[in-house]
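From first to last, the protein sequence lines stand for chains A and B.
Using the numbering used here, the first residue of the first sequence is number 1, and each one after it goes up by one.
Using the numbering used here, the first residue of the second sequence is number 656, and each one after it goes up by one.
Please note that a few of the clues may not be correct.
[To be verified] As a list, the in silico DSSO-like pairs of lysine-lysine whose alpha-carbon atoms are at most 30 Å apart:
#1 A:Lys171 to A:Lys198
#2 A:Lys107 to B:Lys719
#3 A:Lys471 to B:Lys765
#4 A:Lys171 to A:Lys443
#5 A:Lys217 to A:Lys198
#6 A:Lys443 to B:Lys668
#7 A:Lys567 to B:Lys776
#8 A:Lys471 to B:Lys719
#9 A:Lys443 to B:Lys703
#10 B:Lys673 to A:Lys436
#11 B:Lys668 to A:Lys471
#12 A:Lys457 to B:Lys765
#13 B:Lys668 to A:Lys457
#14 B:Lys719 to A:Lys227
#15 B:Lys690 to A:Lys471
#16 B:Lys719 to A:Lys457
#17 A:Lys416 to B:Lys719
#18 A:Lys416 to B:Lys673
#19 A:Lys177 to A:Lys141
#20 A:Lys443 to B:Lys717
#21 A:Lys141 to A:Lys170
#22 B:Lys690 to A:Lys457
#23 A:Lys501 to A:Lys198
#24 A:Lys395 to A:Lys518
#25 A:Lys170 to A:Lys471
#26 B:Lys765 to B:Lys717
#27 A:Lys416 to B:Lys717
#28 B:Lys719 to A:Lys402
#29 B:Lys703 to A:Lys471
#30 A:Lys567 to A:Lys135
#31 A:Lys518 to A:Lys171
#32 A:Lys416 to B:Lys765
#33 A:Lys443 to B:Lys765
#34 B:Lys690 to B:Lys703
#35 B:Lys722 to A:Lys471
#36 A:Lys241 to A:Lys231
[Unchecked claim] Covered by chain A, per the in silico footprint, the following chain B stretches (three or more residues, Cβ under 8 Å):
#37 680 to 692
#38 765 to 779
Since the hints were derived computationally from the structure, they do not count as laboratory data.
No experiment lies behind these values; they were computed from the predicted model shown.
Glycine included, each C-beta is placed from N, C-alpha and C at the ideal position.
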Amino acid sequence: MKIGVYVCECGSNIADTVDTEEVADSVKLLPNVAVSRVYKYKCSDPGQELIRQDIEEFGLDKVVVAACSPSMHEPTFRAVLEDKGLNPYCLEMVNIREQCSWVHADKDKGTDKAVSLVKGAVMRSELMEPLDRKKVGVISKALVIGGGIAGIQAALDIANSGFQVTLVEKKSTIGGKMAQLDKTFPTLDCSQCILSPKMVDVGRHPNITLYANSEVKQVDGYIGNFKVKIKRNPRYVIEDKCTLCDDCVPVCPVIVHDEYNENLSPRKAIYIANPQAVPASYIINPDNCLGIEPLICSKCRDVCGPEAIDFDMREEIIEDEFGAIVVATGYETYPIENIGEYGYGTIQDVISGLEFERILAANGPTAGLVRRPSDGRIPQTVIFIHCAGSRDPAKNLSYCSKICCMYATKHALQYKHHVHSGLAVNFYIDIRTGGKDYEEFYKRAAEEENVIFIRGKVSEVLQDGDRILIKGVNTLTAETIEMHADMVVLATGIQPSEGTKEISNLLKLSRDMSGFVKEAHPKLKPVETSISGVYIAGTVSGPKDIPDVVSHAGRAAIRSINILAQKELEVEATIAKVNDVLCRGCGMCVDSCPYGAIELKAIDRYGYTFEIADVNAAVCKGCGTCAATCLNGAIDQLGYTDSQILSLIKALADE
Amino acid sequence: MSYEYIKFGQEEKDFIEKIQEISGQNIYSCYQCGKCSAGCAFSNKMDKTVNQLIHFIQMGQKEKVLKANTHWICASCLTCTIRCPREIDVAALMEAVREYILREEPEKMKIADIPKDVLNKLPNIALVGSFRKKTG
């Protein structure tokens, strides 16, 4: 066996605190070490070339590089070995920068530590074995969960690249929260007008299969090979037959709150969420309808010309396989009734941001006229309270919901457009206008539209006759304020939706303190998750405005296509390996595996059937938990076997 | 103390409009960063800081504006005007408040009432300033 040792100076990063020559000399005389050198920048092209030459000249079969963290340059040096026909797993990286030179000041001690580390690596490398990366096939289809703007954008981007996409949406139509908005900031574009072309595209795209009114119930498998069960809830209206004639609605005797209008208007048990709904079909809500088990009323079926209504429709489970999954399950508004002092839920004219959005909308409960819920009067003074729930770690949401400053400013401005003589007052803590043209929008509201901004949080909202009395403060002048208003709009914060919680549990995605899905890296892997092949799009990972959601979803699509476009995937070779002879099938490793990569499988031995652990190479992440758990020492982690680690420790302790 | 904080009756609207007309500035351009007060050489002599005075005008608080001494202390050195990030001519706003008061109350300052020994000690610039304020 011939080992080459290379000590990098990393300019002065390592050389300042570690005597690199001494480190190289210390291992020169060890058996099996054929060559030991120092180089200024080992990662440079000449530095790499030196290793190539030595492999040829000395016939090296193992290489030890003492330099930076393996997360930095392990791939670089593995490629060097592969170039020369060596197995990439015959490389051992020793971190003498982040874990040695950078954290020590004393050069003697730093050098001693580097010597020990390099000696240990040489001893360990003697026991290293070539490893093979396994390959798994890829199903070139993507699953997108959630049909809001994030899911729509991700589905379209993947589909437009020529791959099949299945889009699953819980509600009766895609569109999500964006379909409920009247206008978008800062351009005041009509939200429906810019969204509905995309919704229509999803509906008619040859590469997109849309399951509305459906839920993802089970996900098994791994990157490239997810096995998914989708539950299609019965719509009771046959999509293809429904002609949207609306004959069914007038005859339906059941009147309930319309969720699309935030419960500010009524709807029937048979309804369509909004005129732009995709799929364009009516739906019967079985909780409201009198025709479904037992059949008491069938008025809609009687009048339906195309015979589209089918009370006997049953839920259906669809099983399918996908190569990648995009989770776009979005947000929901914070339950502001939790903030008792703001009186939401007890004072009728205190409303949420989304409710005001519906009041402003031309297809909303007031047909676009600003009327207050209690008596339908046009409010002359409206107070907008920012941070309703947000930035309140004591009792509500700890974080800034990001969109509320802008939408509350937009609401105030829109109110002024509707009621020119009205007074719009925004109470804010800080105005955060981080976005293109957002500051200009805020300036326009204040300067040109006479929207009043007062810095200070409202403390209490009270009913006073038919008006509302608020108690606030102006922190800029240190004055307490009591003033009357006709309506109060709370700039409601946002939190992870129920769907986000359910799906992240189903997929075992890690979530942050606030419940949003955690990214693999907050800066550089914003759509990747802890599970390979599962990506996130939109507000599922935290508050975002629409342009951010669209870009985020685009990246999630690209990362999915990265998987789908490959015929097969290489998986990491440093995974758990079970010794079939030692394993006694106790199953402790199965329980301890955080990735669900181990199963018990039956084998035949001496004519008897035994159960032993079996590792799925594609799912195993090589964390080593099972190896540490196994009581029999039957599991080894390839590349980090017990014998390799023990020889490393022996060298480190040998002083 | 409780009161209707924001007053936008006809009187207050006229007041805001007059200040804007005299100064040629949009009072609502101010986003209350406070840079004018931070750089003002006489801030410590003012009972309300410059940005507070502007804020009172924004809110239609005419009485508080007229009661303050801020605009009388202002020497029109223009530091605030030069430094304002919103390009508001703050000194012009101070001037506008002074003029508003003087137009309402022309006898606010009588030169004849100033004792002669005081008058002799006053720097010329102060007198010029006073005349300008009176006749503006």
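Pair hint Lys703 (chain B) and Lys471 (chain A), alpha-carbon separation not exceeding 30 Å:
Measuring from Cα to Cα gives roughly 24 Å; hence the hint holds.
Taken at face value, is the distance from the CA of Lys703 (chain B) to the CA of Lys443 (chain A) at most 30 Å?
25 Å, holds
Restraint status (C-alpha distance of Lys141 (chain A) to Lys170 (chain A) at most 30 Å):
Holds, at about 20 Å.
Tell me if the straight-line CA distance from Lys241 (chain A) to Lys231 (chain A) falls inside 30 Å.
Cα-Cα ~22 Å, so holds.
Is it true that the CA of Lys501 (chain A) sits at most 30 Å from the CA of Lys198 (chain A)?
26 Å, holds
Between Lys690 (chain B) and Lys471 (chain A), is the straight-line Cα distance small enough, at 30 Å or below?
OK: Lys690 (chain B) and Lys471 (chain A) at ~29 Å, within 30 Å.
Lys719 (chain B) and Lys227 (chain A): Cα distance at most 30 Å?
Cα-Cα ~71 Å, so violated.
Straight-line Cα separation of Lys416 (chain A) and Lys673 (chain B) no greater than 30 Å?
23 Å, holds
Would you check the hint for Lys217 (chain A) and Lys198 (chain A), treating anything up to 30 Å between C-alpha atoms as holding?
27 Å, holds
For the pair we were handed, Lys170 (chain A) and Lys471 (chain A), check the Cα-Cα distance against 30 Å.
Outside the cut-off at roughly 41 Å; violated.
Is the hinted pair Lys668 (chain B) and Lys457 (chain A) satisfied, with a Cα-Cα distance of at most 30 Å?
26 Å, holds
Does the structure keep Lys690 (chain B) and Lys703 (chain B) at a Cα separation of 30 Å or less?
14 Å, holds
Consistency note: the structure conflicts with the earlier hints numbered 2, 3, 4, 7, 10, 12, 14, 25, 28, 32, 33 and 38.
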